[in-house]
Every structure is written in C-alpha cells, then in structure tokens.
Amino acid sequence: MGYRVIDGTFPAGHYYFSGNEAVAEGAIAAGCRYYAGYPITPSSEIMERISVRFKDVHGVFMQMEDELASICSVIGAVWAGAKAMTATSGPGFSLMQEAIGYAALTETPLVIADIQRAGPGTGQATRVASGDLMQAKWGSHGDYYIIALSPWSVQEMYDQTIDAFNLAEQYRVPVFIMGEEAIGHLRERIEVKTKVRVFDRIKKKGAPPFGTNQDDGIPPMPSFGEGEKLLVTGSTHNEIGIRKTDDPEVHSRLVNRINKKILNNRDRIIQTDSYHLKNAEVIVVSYGFTARSALFAIEQLRKEGKRVGLLRLKTIWPFADKIIKDIGQKAKKIFVPEMNRGQIAGEIMKYATCEVIPYNQTNGEIIHPHRIINEVRRLV
Amino acid sequence: MARDLEEYLRPGIDSTPFCPGCGHGILMNLILRAIDGLKISMDEMLFVSGIGCAAWIPSPNFNADTLHTLHGRAIAFATGAKMFNPQLNVMVISGDGDLTSIGGNHLIHAARRNIDLTVICANNMIYGMTGGQVASTSPLGALTSTTMDGNRYRPFDLCQLVLGAGASYVARYSVTQPLLLVSAIKKSLRIHGFTFIEVLSPCPTQFGRRNRYDSPADMLKNLMERCISREEADNFSDDELKDKIVTGEFSNE
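Protein chains in written order, with our numbering: chain A, 1 to 380; chain B, 1 to 253.
Don't take every hint at face value.
Here are the simulated lysine to aspartate or glutamate pairs, DMTMM-like style, with alpha carbons at most 25 Å apart [said to hold, decoys possible]: (1) K306(A) to E375(A); (2) K229(A) to D4(B); (3) K332(A) to E365(A); (4) K244(A) to D215(A); (5) K221(B) to D157(B); (6) K229(A) to E6(B); (7) K229(A) to D157(B); (8) K350(A) to E239(A); (9) K204(A) to D216(A); (10) K55(A) to D66(A); (11) K229(A) to D14(B); (12) K204(A) to D157(B); (13) K244(A) to D273(A); (14) K205(A) to D43(B); (15) K204(A) to D43(B); (16) K244(A) to D14(B); (17) K205(A) to E231(B); (18) K229(A) to E44(B); (19) K203(A) to D43(B); (20) K187(B) to E232(B); (21) K322(A) to D215(A); (22) K229(A) to D43(B); (23) K55(A) to D116(B); (24) K229(A) to D116(B); (25) K186(B) to D215(A); (26) K229(A) to D36(B); (27) K39(B) to E226(A); (28) K203(A) to E232(B); (29) K244(A) to D214(B); (30) K244(A) to E6(B); (31) K244(A) to E228(A); (32) K39(B) to E228(A); (33) K205(A) to E44(B); (34) K242(B) to D157(B).
Please keep in mind that the hints were generated in silico from the structure rather than gathered at the bench.
Let the sequences and hints guide you as you build the complete structure.
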C-alpha cells in the first residue's frame, strides 16, 4: 500500500511510439488491468493496443456498447479491486460526464484519457484542439474537483499516464490525461525504464470508506469481496455509505471534503516547467502540444536578445494559482496561446496582476511557432 | 420481514422504505429466501442497483456489498465488477424504467454477451419514484401523470426482448406467485450466463390510484386473476389472452 517500485511491464529501452500507444503502455506499467472503451477518433489506438497487450498481463478488456457503459463498467471494476481506465474524445467525454460526477462523489480512482479533437458537436474528428479543459473541470453537475494533466510529448503521454494512476489511487479521484490529437498521433522516440513507481490504494479493514479525520481528507478504500459489506452510492452519504439525502450537515461535509482533498494538496499535485523566466518581461504560459511551439518561439526570440520566457503547465487542474500570481508580479505581460477560445487565459486573468494577452486559434490546426514569434515580438 | 432472514439484513435496518401495499417488500423477501435456500454466503454476493424504488431493495437493506449506481447503468457497473472479479456473485436488482428504458441498451448487450449476471427487474409498469409518469412497460390505455388520456403506445414484452438478445434464462412471475418466483431466482443464481427475471410488482400509490383500483389488495387480486401459466395460455383463445399475463420460464439452457 502506498508507493512502491515494481518491475516494468515492457522491456526497458528506447521505442518509437505514437502518443496513444504510449498511453496504453503507461497504463499497463502503472498496473491498469481493466479497460473498457468505445471506438472514437482520435483515441481508438489506445483501446486497440490495450486489447492486444492485456493478453500478456492478464488484464480484462471490454469493448462496450457506448461511452456510458464504458465509464460505468470501469467504476464497477475499480470497486471490485482493479486499477482501470477508459479513453475517448470530445463527444465520448461529454457522454461520460454524469458518471464522472458519480466517480467524484463516490471517490472512485480512475483514469480517462481524453484525446481532444476540434469541437463543439461532432466538429472535426481528425483535427486537433484543446477545447475540453473547462469541460474536464466543470463537465458534470454539482461541485467537485478532479485532476487533469496536459502532456506535451509522447514521452509525457507515457510518464503522465503512470502519474495519472498514482494520483487517482492516492487521492481517490478521477484523473484526466488531456492529450490532443496531435500528440496522440505523433510518433517520437521514448525511453521505457526498468522500474516503475506505483501507488497502491490504502486499505484499512473496518475503517469508514467515505469519511476520515485525517488532515489529507482521503479515506482508505476497500473493495467488493473483502467482507466489508460496502455501501457505495452516488447519492449523498455518510462516512459508512448510508444515504443521507436530506441532511444538510452530511451533504456540506461530503462536498467540502471531496473538493478540499484536492485543493489543500495542490502544492504536491501541481507540476510546471519553466524556461528562461529570469528577467523575462513577457512570459508565455502554455501547455500541451502548443507548449512545443511556444518553447521553439521563445528560444528564437532569446537569440534575438528579447527578454521572454515560458511557463509550461503540466497540470491543468488543480490550477497553478500561486505560480501564476508569482510570475504575474515579475513579468510585464503574460501571453497565452491556446487551441480554444481562451479557456486557460481566463483562469490566468483571475490570478495574474499584469496584463494577460490571449491568442486563440480554433481552426483544427496546431499553432505554429512563427505565429507566437510574431505576436510576442510585438509585445516586448 | 420474517425473523429467520434477519442475518441477511444490514444491522440497524428495521423497516422497508416502500409505500404501504408496494410489491417490492415481497420481492425483497423472496430474493433473500432464494439465497438462503441455496446457502450462498452474503460475503460473496454483490448487489447492484440503479435509480428508482426497486433500486432500494438491496441498498442499504441487504447485508452484503451493494453498489447503488446511476439511472439506467446498473448492468454496465455490474459488468465491470463481474468481469474483473468473477468470484463475485453479482445480482442486479432494479426497476422497469431503469433497466429497460434509460438502460435498455445495456440490458440487450449484456444479454448478447451472456455475461454471468442475475438480473431481477421489478416491473411496476410506471415511474413510481418520480410521481407516476408513463413507462415503456405501461399497458395500453394506462392512466399516468403524463398520459391523462390513456397510454397510446404498446409496452415492451420484456421477456421476449431479453430472450431475443441472447439471454441464457428468462422468466416472468408476479409477486403473487412467491414459490414459483423463489424457484426461478434460485435457478437463475445457479446458471452461468445472463439470466433475467421480470417480476410484476404492484404500485398502488402511483399506478393503482390512477387506474381505479380501490385498494392495494385489489391490485394483488387482479394480478392473481390475470397471471396464467404458459400451459394454461395454450388453451386460451387470442381474445381470452388479451387481458392475461403469461408467466413462466421462457428459455432453458
């Protein structure tokens, strides 16, 4: 229970993987042994690779009748003891939202890879976007909190999938890998290591599974079949799982705890990378595939002597509020290029005291470095 | 509830949550009698339910692992639990609206895959918990809060639906046929594969009062008169069958 180091599930070495293949291998390495999914572009390669590779590791793969069934069967498998995941894209992610709220309220650890395509609606199925970030945060009704990661490379699709399982198990929360079509289908050389650090869920016989007096706010999690006579419900429940659907105190305590267990631990969860932030007058804040273009752009501009830097968000939710506040006090301007209508720029405006300049592109294409160079050059 | 089944009830549970005259309490009793009859340990049982009155039969009342899920999705949750841990004996208990309307897709696909689940569908022919709206199982002409002029659409024949989708075992009985029901539940628990039992359970509060039943007892008497066996049905004319409900087992492995 807790963190331990185990042998990898794929021979150590360097591989030429697509981002989607890397998610599948990362999941298996992290201990995922149940996967249920439904075909959708541009995420299907994750399911296809899992369906083959699960034979080697005795995992259970189910292609379900729709996304509703996929996510619900994942929750069922998790309570039966599995580390489990599904992968999808925009329309499928929309269909999963009700069950995501159920997972948040029942504190069910699970992983969803949302390989984002251009929406809304059916949109452009084969084209790139990062339009689901607010959906990841607010998609289901009611107040809850989740964790969402934003990989920028095939290596990170592998590494962050392992992180996603560890965070899910540690915090008993749904964790999303907010990949984008361009990363899902990108092929790059990655390194697979001999050993993997994994977190196994904490169990404590007889302890209440839905309440705790511990500061971290995370109760231990038993499984079905262990004789605990579990009561799992998506209705408001007390610490042992009894429905309390008209008790204001129980509801408030539960909702506060499932939010605070993530927010109060956010310093431990949030990961960022910084490049050339020292003396930077203009800081580009970027994430996912766009951060690749942003890094290329600021390195070009630095060669020209421009005082520019890059903050890369590896974690989208919980949001890096303190770091943004900090860089907002040091920089004159923050530039935020995004493949959406400003979903994260708006969040940055909440915390940064300096000027925040959004750059939004929703045409189904990646943001090329030269566009960032041109825009940022004007700002310095 | 008879005292001899008390060990199957979660400590602290001393009453059912159902309205007076509801058939679900009888069904609750019969499910536990079947489990008791087969000497299955509650430690190996997992009860999965959806949303609605019938979903409260196992949760929180049964002294076993229970998973009270989203509306319509009980079978999908159950599929994940059963596929990952086949040692669990998984029984889904939910209502007709939950399992066959909003959850209809999961029902037919689980039957097609012949997943080893026992599904008990408590059919009260109406949406009880939400105030008596028409269901996909309401009879033609039924008066409900959304069909004040009578239901215009035919109900599903649930047994034929699930049989057609590939289930290993399908049966239909009313709560007025307790011994046959216990025997069907026992049988479904012993069969490896997808088994489905439609249980007719009266809802006096929402269905009875709108459809001119004077009392819960009248609803039970009406079910007793209308439920006939498949053998009896063979000797009835089509006209005579119009108002009858054919009960029995509809398939055997």
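message: Does D116(B) sit within 25 Å of K55(A), going by the straight-line distance between their CA atoms?
response: Holds - the C-alpha atoms of D116(B) and K55(A) are around 21 Å apart, at most 25 Å.
25 Å limit on alpha-carbon distance, applied to hinted pair K39(B) and E226(A): Given pair K39(B), E226(A) holds - Cα atoms ~19 Å apart, limit 25 Å.
query: Does D36(B) lie within 25 Å of K229(A) when you go C-alpha to C-alpha?
result: holds (17 Å)
field: 25 Å Cα cutoff - pair K229(A), D157(B)
entry: violated (35 Å)
- prompt: Would the pair K203(A) and D43(B) pass a check requiring their Cα atoms to be no farther apart than 25 Å?
  reply: holds (18 Å)
query: Regarding the pair K205(A) and E231(B), is the alpha-carbon distance no greater than 25 Å?
result: violated (53 Å)
field: Pairwise hint evaluation, E232(B) against K203(A), where the allowed Cα distance is 25 Å at most
entry: violated (56 Å)
query: Going straight from one Cα to the other, do K229(A) and E44(B) come out at no more than 25 Å?
result: holds (10 Å)
- prompt: Hey, K205(A) versus E44(B), does the alpha-carbon distance stay inside 25 Å?
  reply: Within the cut-off at roughly 17 Å; holds.
field: Pairwise hint evaluation, D157(B) against K242(B), where the allowed Cα distance is 25 Å at most
entry: holds (13 Å)
query: Taking 25 Å as the top limit, are the C-alpha atoms of K229(A) and D43(B) close enough?
result: Holds: K229(A) and D43(B) sit about 7 Å apart, inside 25 Å.
- prompt: Straight-line Cα separation of K204(A) and D43(B) no greater than 25 Å?
  reply: holds (18 Å)
Figure legend: structure checked against the earlier numbered hints; hints not met, in rising order: 3, 7, 8, 12, 13, 17, 25, 28, 29.
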